[in-house]
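Student: Residues per chain, in single letters:
Protein chains: 2
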Amino acid sequence: MKIAVDAMGGDFAPREVVKGSVDAAKKFHCEIVLVGDEPQIRKVLEETPGWEKLGISIHHTTEVIEMGEHPAEAVRKKKDASVVVATQLVKDGVCDAVLSAGSTGAAVTAAQFILKRIRGIGRPTIATPIPTPGSVTLLLDSGANVDTKPEHLVQSGIMGSIYAEHVFGIKEPRVGLLNIGEEETKGNEQAKATYELLKNVHTINFCGNAEGRDVPTGSFDVVICDGFVGNIVLKFAEGLAKTILGLIKDAVKDGGIFAKLGALLLVPTMKKLGKRLDVTEYGGAPLLGVNGVCIIAHGSSKAKSICSAIGVADGYVEGNVLDKIRDTIIREEQLAKAEEEKNMQTEESEEKV
Amino acid sequence: MKIAVDAMGGDFAPREVVKGSVDAAKKFHCEIVLVGDEPQIRKVLEETPGWEKLGISIHHTTEVIEMGEHPAEAVRKKKDASVVVATQLVKDGVCDAVLSAGSTGAAVTAAQFILKRIRGIGRPTIATPIPTPGSVTLLLDSGANVDTKPEHLVQSGIMGSIYAEHVFGIKEPRVGLLNIGEEETKGNEQAKATYELLKNVHTINFCGNAEGRDVPTGSFDVVICDGFVGNIVLKFAEGLAKTILGLIKDAVKDGGIFAKLGALLLVPTMKKLGKRLDVTEYGGAPLLGVNGVCIIAHGSSKAKSICSAIGVADGYVEGNVLDKIRDTIIREEQLAKAEEEKNMQTEESEEKV
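Quick mapping for you: the protein sequence lines, in order, are chains A and B. My numbering numbers the first residue of the first sequence as 1362 and each following residue consecutively. My numbering numbers the first residue of the second sequence as 1362 and each following residue consecutively.
One or more of the hints may lead you astray.
Since the list gives no way to pick out one identical chain from another, each pair is judged satisfied if it fits inside one copy or across any two copies.
What the hints assert, rightly or not - Straight line, CA to CA, 30 Å or less: simulated BS3-like cross-link-like pairs of lysine-lysine:
#1 Lys-1414 with Lys-1614
#2 Lys-1663 with Lys-1547
#3 Lys-1553 with Lys-1610
#4 Lys-1663 with Lys-1452
#5 Lys-1510 with Lys-1553
#6 Lys-1614 with Lys-1404
#7 Lys-1603 with Lys-1547
#8 Lys-1663 with Lys-1387
#9 Lys-1632 with Lys-1621
#10 Lys-1663 with Lys-1703
#11 Lys-1510 with Lys-1703
#12 Lys-1547 with Lys-1477
#13 Lys-1532 with Lys-1560
#14 Lys-1380 with Lys-1632
#15 Lys-1603 with Lys-1621
#16 Lys-1380 with Lys-1621
#17 Lys-1452 with Lys-1665
#18 Lys-1532 with Lys-1603
#19 Lys-1614 with Lys-1547
#20 Lys-1663 with Lys-1553
It should be emphasised that the hints constitute simulated quantities derived from the structure, not laboratory data. Bear in mind the structure is a predicted one, so any value in this text is a computation, not a measurement.
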């Protein structure tokens, strides 16, 4: 397997991106094409003895899309931007997947323009795995689209379900619709219309509305929502975790000798727990719905997250998820059509009676 | 001050509601009317010696609105429901405020039907205080309305700002619009339209878009959003806190003698921190925008939360927030009209030139 990595994308690029790629090449025995400014990339690589023996190569590019730029304009104008060229490598069949920790908007736009959407899919969707006590909940869409149509939210559910099954190994994933109450009649217009459609989907295990609290507790395996809500919830979780951690550190610092000793004794336990809940263990969120494997990593990704994100790409490719999404979308269309015809026949025969 | 408490509303009603009311009567030296089934209320009261010397009375009612009921239907049909009667006591001027930990929908509907909206206000809004490291962030709307019109979100901002200033004592509260990016052009249609309107509001200190992470960190004093988003974010926070706490407890239990000792040594520090972040310290969320003081408490409220919620009612009434909202809405209307006239005059004189 060969992965194109946008070496210039992310708050700590290219250093941490290159380092994480080297780690991944060792860990997953995959080939990696580092796309970006060759001198800068080479400088970091040369700090890592033995990198030449790994399947790592450099694809030189001269442009970078910055965080503040308008995604569509930037992707159109900067033909030699690292994220654009990396995505093109997948389109051309040179690489099996693309990974970027740069501007999410630019990565999504490049994927849409270059790889194009899967036939039948209205909107691609970012699927973010959230660690739960038992396993993981896939939250999608976490920011690719806002004001999403109900039929596109349904497609998110189908794609998320396939991903959870074939990458996380969850049989018949429990799919929930993020809403403000359990009852079918609850929610805004978008949620109510989506619920109606979800009831008639054949290929997923739709289990009703999920409330906000169901996301971290893991009561559902896949939770669907509009990208506006998903993005806010994820960033809220990020802010909350950071705030609480900071407050605990301050409290221990101000807490005297016993508190400090207590904290010291708890370090191994907390480290173990931290590892279990560590979002960097999941590293990347796949962009589902485009004709190619595209993984979005967090902008603040360090080497560890980049390495995990390459692992995500690996699972996505090996699980053959793309083909499964294509097949399921076609099957779902056929089943819906068959049902419609059946209903029409029933109506006709009822009319005759 | 006299507060009508819906003694039958909440998961632990009437026991915890009555107990919390007794505590509040002592703490805030206020009169309390416990509205609900007299025999049940009296039974709990009699466990508390000396309650007769406090300003507590019982207003007997025969009906209760259950959690699953349709709010509007239930409020219309059950004229003798505890929440309906308690709200009526405010309307009739017998009490200064109403508090309920029962069905939020029923409490909001009763307030809308009986107290009516403040003139000029399109939708009432629930303002939930969220503890932050430095102070508190007021998140509104946290669930009273979904698919809210931009002009109603703006009114939420005005009301929240007044509340934060006069109840929390924050001078010129920083008001933010919950969105998926800092830039003015980000967000869904609702957020973009609301941003445009907020720029021209005279009576608040609008500081731009707030991202999800800004809510717990306290970068804004007041954060406005649609009730759909607010409700999901709050319930998500609730689930996350519960999940993490459970995991820490399990980790300590499985962590051997050193972990247990460490946890023991940390207890006082964590208790102090917990108290600082304790949502039950804030207890209740005011429903802003109706002609009367109405406080919504969490369904799972225990005595402590009920007592704090009564404290919230106290601050609301003493701060004269209702009159200030009425005055500001009128002033804002006048300022907008004056500006419009000025613009028209400028256009006219430009045309003449």
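Student: Now tell me, hint by hint, if it's right for this structure.
Tutor: We went through each hint and held it up to the structure:
1. Lys-1414 with Lys-1614: Intra 46 Å, inter 46 Å, cutoff 30 Å: neither.
2. Lys-1663 with Lys-1547: Cα proximity of Lys-1663 and Lys-1547: across copies only (27 Å, versus 41 Å in one copy).
3. Lys-1553 with Lys-1610: neither (43 Å within a copy, 38 Å between copies)
4. Lys-1663 with Lys-1452: This pair counts as within: shortest intra-copy Cα distance 27 Å, inter-copy 59 Å.
5. Lys-1510 with Lys-1553: both (12 Å within a copy, 18 Å between copies)
6. Lys-1614 with Lys-1404: Intra 39 Å, inter 47 Å, cutoff 30 Å: neither.
7. Lys-1603 with Lys-1547: Between copies only: 24 Å across, 32 Å inside.
8. Lys-1663 with Lys-1387: Intra 17 Å, inter 55 Å, cutoff 30 Å: intra-copy only.
9. Lys-1632 with Lys-1621: Both: 16 Å inside a copy, 15 Å across copies.
10. Lys-1663 with Lys-1703: neither (54 Å within a copy, 55 Å between copies)
11. Lys-1510 with Lys-1703: Classified as within: same-chain Cα gap 26 Å, cross-chain 41 Å, threshold 30 Å.
12. Lys-1547 with Lys-1477: Answer is between; shortest inter-copy Cα gap is 24 Å, intra-copy 35 Å.
13. Lys-1532 with Lys-1560: within (19 Å within a copy, 50 Å between copies)
14. Lys-1380 with Lys-1632: Cα proximity of Lys-1380 and Lys-1632: one copy only (23 Å, versus 41 Å across).
15. Lys-1603 with Lys-1621: For Lys-1603 and Lys-1621, both the intra-copy (20 Å) and inter-copy (25 Å) Cα distances are at most 30 Å.
16. Lys-1380 with Lys-1621: The answer is neither: 34 Å in one copy and 38 Å across copies each exceed 30 Å.
17. Lys-1452 with Lys-1665: Cα proximity of Lys-1452 and Lys-1665: one copy only (27 Å, versus 61 Å across).
18. Lys-1532 with Lys-1603: This pair counts as between: shortest inter-copy Cα distance 27 Å, intra-copy 33 Å.
19. Lys-1614 with Lys-1547: neither (46 Å within a copy, 40 Å between copies)
20. Lys-1663 with Lys-1553: Neither: 40 Å inside a chain and 33 Å across chains, both beyond 30 Å.
Of the numbered hints given earlier, the model fails hints 1, 3, 6, 10, 16, 19 and 20; all others are met.
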